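Got chain H sorted already, so can you dock chain B onto it with the hints?
One letter stands for each residue in the lines below.
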Amino acid sequence: MMKKRLLAALMASAMMAATLAGCGNTSSESTTPEGGETAETGGDGYSMTLIMSLRDEFLSTLEAGAQSAAAELGVTLSTQDANNDASKTIQFIESARNAGDDAVLVNLVDAATAQQCIEAAGDMQIVFVNRVPQDTSVLGGNAAAVVSDENQSGGYQGQFLADYFKAKGQTDVRYLMLQGTLGLVHTEQRSASVIQGMKDGGLNPIEAAAPLVADYDRAVAMDMISPLLSTTEFDCIIANNDAMALGAVEAMQAQGMDPTSIPIVGIDATVDGIQALKDGTLAMTVFQDANGQGYGAVKAAVNLIEGNPINDGTDYETDETGNIVWVPFEPVTPENVADYE
Amino acid sequence: MQKSFDKKKFLSQNSIWLVLIVLVIIMSIAQPSFFSVNNLLTLLSGEAVKGIMAFGVMFAILSKGIDLTIGASAALVAVITASLVQPADYANAILPGLGTLPAPLVFLIGLALGAVIGGIYGAIIAYTKIPPFIATLGAQLICRASAKIYTNRPVSNLSDDFRFLGSYRIGGVFPIIIIVFFVMFAISAFLLTQTRFGKNVYAIGGNDQAARVAGINVEKNLILVYIWCSVCAAIAGMLLAGRSGSADPANTGLNYELDAIAAATVGGTSHTGGICRVSGVLAGILILGVINNGLVMLKVDDNMTNIVKGLIIVGSVVLDMRKNAKRA
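Sequence order for the protein chains is H and B. Under this note's numbering, the first residue of the first sequence is numbered 1, with each subsequent residue one higher. Under this note's numbering, the first residue of the second sequence is numbered 1, with each subsequent residue one higher.
Only chain B is shown next, with the shape it has when bound in the complex:
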């Protein structure tokens, strides 16, 4: 009896991995070169940036919020940090004469910038109690516009050191961005399951009044949620600039927040708050990645790819709602 209960719970909690495995098998049969080492590395390095954003936004969704800012804040951080690592003698430099700052310093500046941006709209959400959808929509517009005010042209010719995390391949083969992705996965998992902060976010998402009564500082934890979200976006932005060698104020990270939210959602993060599994979100990222990559390999028209993605996003939430309704 006990044993069968465990199996049931295991299956229900990990059904998403089954979906992933089935998808991978289908793709591998339809296009054998899908399941090659090279292609799996391509797939992972392509999803890394959105995946890192998903690790951020899942905290916001878990707290019964949302973060629409992350694509735009990634762009803002990307153009600012990129402008700090252009060579001084480059004719198209944004800050001529400044020269190339050391990459670690620029990364720290980027992280700090991300934290400040998230701290500001996090505080607005926590203290004014306006819906996070509205607050982060406003922040999105402001961040995107700020990026365009900062520079009206793509920032390119970036130093190799700055591009290291985004584009370096170990032995010329293994993209280091994949390691960054899994490190971010580990940090997110640790934050969510092993720290008081993680438990507080679960509690706030489940019932913020009860959390408050239980002595949790709801405001402080909400601000931390959006700081984390925004720091993840900052990392994603710097990786994006490093990967493509250019940060474009208009297009970098455009609509990435939607892909990140989709991945977190497919991964079983409930928009009614309080439910989230990091492993599920990882699977959600990989499922969308398999679809993105696999359908390209199968030479499927990209419009059709988006139809499949749309069906999967809606379908996964329908499944989840049913599952969660039964649990309640």
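Okay, chain H solo, but in the shape it has when bound:
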């Protein structure tokens, strides 16, 4: 009987060993450096870890951009998913440091924890990607950020709506707004900048109902907006992202309303969003260059290691401190949608 138990324990360990060995192999295959352009390292590329807040569609595109930059520059890049857990982010940073990485690319779960991330990174270079630290004064030295200016994204939505309603000769515009997760900097900036954009364009935006907080989720947005559709007077629907905009489209269709009758605007230009734009159900969206952010982040990390300006070798501009690289947003309408497919 003892033998049996021992056998079982040994077999379990052997199984784990086999699984682990398998994993080890795939990772070493996938991370073969391609002898990059970073001449100073003598072909022995840098090692980096990308830590994502969550592996969703957008951040997966960002990951792909980072990987293509890594392949080009001979950087060994691996990815970890912190599952929306700020504590896990720090854990992954510490692990990367212990494993001897040269840099970490951090997509913050919580913009307020940037300082802790920088401390955990120690001597490593750290590049915040996609989400800017709440307090940008923590940047500098071995820390930089590669992000898009979220005020720009809402601004484009506002500008579009202003043009749309001015062409109809209407200035009082009642809107329904679907907001992303509260507490995130980009939720606040997107929501505020679209209203500002409408005002700047000469409109008088009027809240048709209190903003709905749908956590960037399509199904949640659909459920939340449904009861308002038949009971509220509104001229347009503004969503902080495409997923929620599409939720609004679904909700209107489910109630037999025509989503093309009013402008519904989103942000992100996801694959679904682009399709809806072509179908006419979405009036416009704003392209956030996920691929460019990922690409720019790896570039910035290499530049930090080598002591170059962080936007060296890219077309992107930096802010006045030189610590933030801006990856521009681009408005997408039926006229230019073909460029984003």
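These are computed hints drawn from the structure, not numbers from a lab. Since the model is a prediction, treat every value here as computed from it, not as a measurement. A virtual CB, placed ideally from N, CA and C, is assigned to each residue, including glycine. All the given hints hold, so there is nothing to weed out.
To spell it out: a stretch of chain H is covered by chain B in this simulated footprint if at least three of its residues, at any positions, have a beta carbon under 8 Å from a beta carbon of chain B; those stretches are:
1) 89-99
2) 112-126
3) 175-189
Using the frame of chain H, we list chain B on its own:
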């Protein structure tokens, strides 16, 4: 004869430590920097929070129950206590004007809060006899929602005193959270093996009718079990906030109850009640920690990490069921 019996028993009871040692050896060979002091400290400080939750939930599992609330109650305690240690002049403060309360007082408030939360659903479980799975599922939803009602944004900029247990490193190197973890281990071991309460929980998990006949106050002890569980969660929540410097009502402790239950389960705590060894649970925590940390060091994709974790959790229970069936 006697000697060989002891060896057999020792091996069967501690086979989990063998698995741990084998895993550590494999990881160390595959990635030599795994077995560095720095990395072991990283590993332990990362698992400390879930480990402390596991020390709580193992009592619930031992009593033939479960506690799904702990991740959410950790979040609720974390956001409330964190809001008490923000500077008064901080623009994003949840309770502007209150200022920073002394950390020991806030810790006591957090512990009391944990005890009250656990006491409430513990009493519901003990007196209504509804399944603990259902009672704690309901409590989980209520705690998470309460945290989100309390604040809709992460609570940050916390006082250094409050963050001490979660983030301070002795000599800049040794994380104090590891000491907290082992203190909680010692307290749990003492409660389980050296007190009447511990023996009562074993008895209730083994056969609650027999326990009642033997004169054990089953209701009182069940309430104590869930109070302990919830106090562990409260400690975990405050450590989490201290460690990351922020308490997020939506994401702090999200799904941590599942990791804690997994650790207790891998550690040989039987879901049919009455069987649990604290040392086994410690090994279970460390095994999951070695996998979490080691596979990251090996640059393995996190999806693959979860597949390995899943296999280990299921495999360990299969092994345990066989072992326990033979014992019966």
